[in-house]
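The primary structure of each chain is shown beneath.
Number of protein chains: 2
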Amino acid sequence: MRIAIKIGYDGTKFNGFAVQPNKKTVEGEILRILKKTKIIEDRKKARFQYAARTDKGVSAFGNVIAFDAKGNAVEVLKSLEDIWVFGYANVKENFNPRNCIEKIYRYYVYDNGYNYKKLKEALNLFKGEHDFSNFAKLDGRNPVRKINDIKVRKAKNIIKIDFIAKSFLWNQIRRIMASVLKVAKEEIEIEEIKEALEGKKRNFGLAPAKNLVLLDVKYNFGFKNLLPSEIFIKREIFTDALNIHRNK
Amino acid sequence: MRIAIKIGYDGTKFNGFAVQPNKKTVEGEILRILKKTKIIEDRKKARFQYAARTDKGVSAFGNVIAFDAKGNAVEVLKSLEDIWVFGYANVKENFNPRNCIEKIYRYYVYDNGYNYKKLKEALNLFKGEHDFSNFAKLDGRNPVRKINDIKVRKAKNIIKIDFIAKSFLWNQIRRIMASVLKVAKEEIEIEEIKEALEGKKRNFGLAPAKNLVLLDVKYNFGFKNLLPSEIFIKREIFTDALNIHRNK
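Sequence lines, in order, name chains Y and Z. Count along the first sequence from 1, add 52, and you get the number used in my numbering. Count along the second sequence from 1, add 52, and you get the number used in my numbering.
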């Protein structure tokens, strides 16, 4: 039986998603426990696949893995530390989680007095199809990509930016964010981003991984949702941390 | 100039508070950066002291350290990863952060259908002065201690329990929590806790460290409060994680 599982993880606790020898990775932890509990024999036989290979430090609340499972994979994965199960779905034998409708990444910025209008203007430049050579670490894949939508909003002191596309290049969002934050800090002109998108060689740097989250991956079917108790507790802990020191 | 700094940390990222050779600890990271930036020469000369030595896995949003600082210690400590500055105060030359009015620890429980009335009843047993031999890992200190107050409340699916005392024994709260959760799960009778408090040898186990937070330490003076931007982002991330999967 092939199953798709929507997983979340605290990216700061792992050396990225993809397996690496002698390093704690999300995929490594998942494969280890699935093999140990005989849910799968090995990754190849189980046709283990994933939707996104997030970088070191990037968190997720909706990455998707799929594999041919013998037994209750959801219960087994729930026992992992710092990896959470947000949903599951029985899927067709040929399902590959890369074949999604779209992925939604969210970047969080603490508003230290950025020029919000300029930030929005700069982000708008990246919507649609572009050559992202100056805004990605190129790995042989076609740098011409389409970003379906970019949504920005501000709630009190937090700015959230959603990037929606079927697929993203390596470091693409973090490089875009580095450039638009420079515009919002009025360190560079918006024209410099335009030029870089038109081909002029530029490197605006890389925004921190820890503020980036793979929020969800969408398919033409739904998942049975789960809300991990640990996430409720984490939200409560960080809310209390602010309240206890605010009300004095 | 002697300074007291109110620090927070994600306990799951460290091997406890106290320095250990070749292990990442809260105190170790703090001393390393203070020495590197010449804010202190060494811990002894700077008379470096702390309020509480939290266990591995236990977080804090209000532990207090004090030392004789040369330079802007607050700015230096702000640059640490997974350690946050929640406040600071200039203090007298003889200030020792152990000499507090009280410490507040909060334990978070996800409500899986506990008997809340029994939980409160069991917790009430621990208020006041008792011999905590059955509810601590003894280390030579007097097991007779006084807990000033224990406050319980439930908000939706989270139960929060505050323990207030001038000082606590090693593992004391986690051992108390293990026992009262057994009562709340109706695995043991409340009488068994009474007997253990009266001297009958019992070991009810140890509740997980990751749900325990040293929320604050109170003194007869106030701190200048800071609200770290990273905590706002963390709260927002975990709130979104729940919302994105709830509304489908």
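Check before you lean on any hint, since a few could be wrong.
Identical chains blur together in the list; that is why a pair holds if it fits in one copy or across any two.
As the list claims (entries may be wrong) - Calculated pairs, DSBU-like style, for lysine-lysine (alpha carbon to alpha carbon, straight line, at most 35 Å):
#, residue 1, residue 2
1, K75, K246
2, K122, K237
3, K88, K169
4, K97, K208
5, K246, K97
6, K234, K65
7, K88, K76
8, K252, K75
9, K144, K208
10, K262, K170
11, K130, K237
12, K90, K170
13, K179, K96
14, K170, K270
15, K252, K170
16, K237, K88
17, K169, K262
18, K252, K212
19, K90, K212
20, K237, K90
21, K108, K76
22, K212, K276
23, K76, K252
24, K170, K130
25, K262, K76
26, K122, K253
27, K252, K97
28, K203, K122
Just so you know, these hints were derived from the structure itself, not from any lab.
Violating hint indices (sorted, rising)
Checked against the structure, the hints that fail are numbers 1, 3, 4, 5, 8, 9, 12, 13, 19, 23, 26, 27 and 28, while the rest are satisfied.
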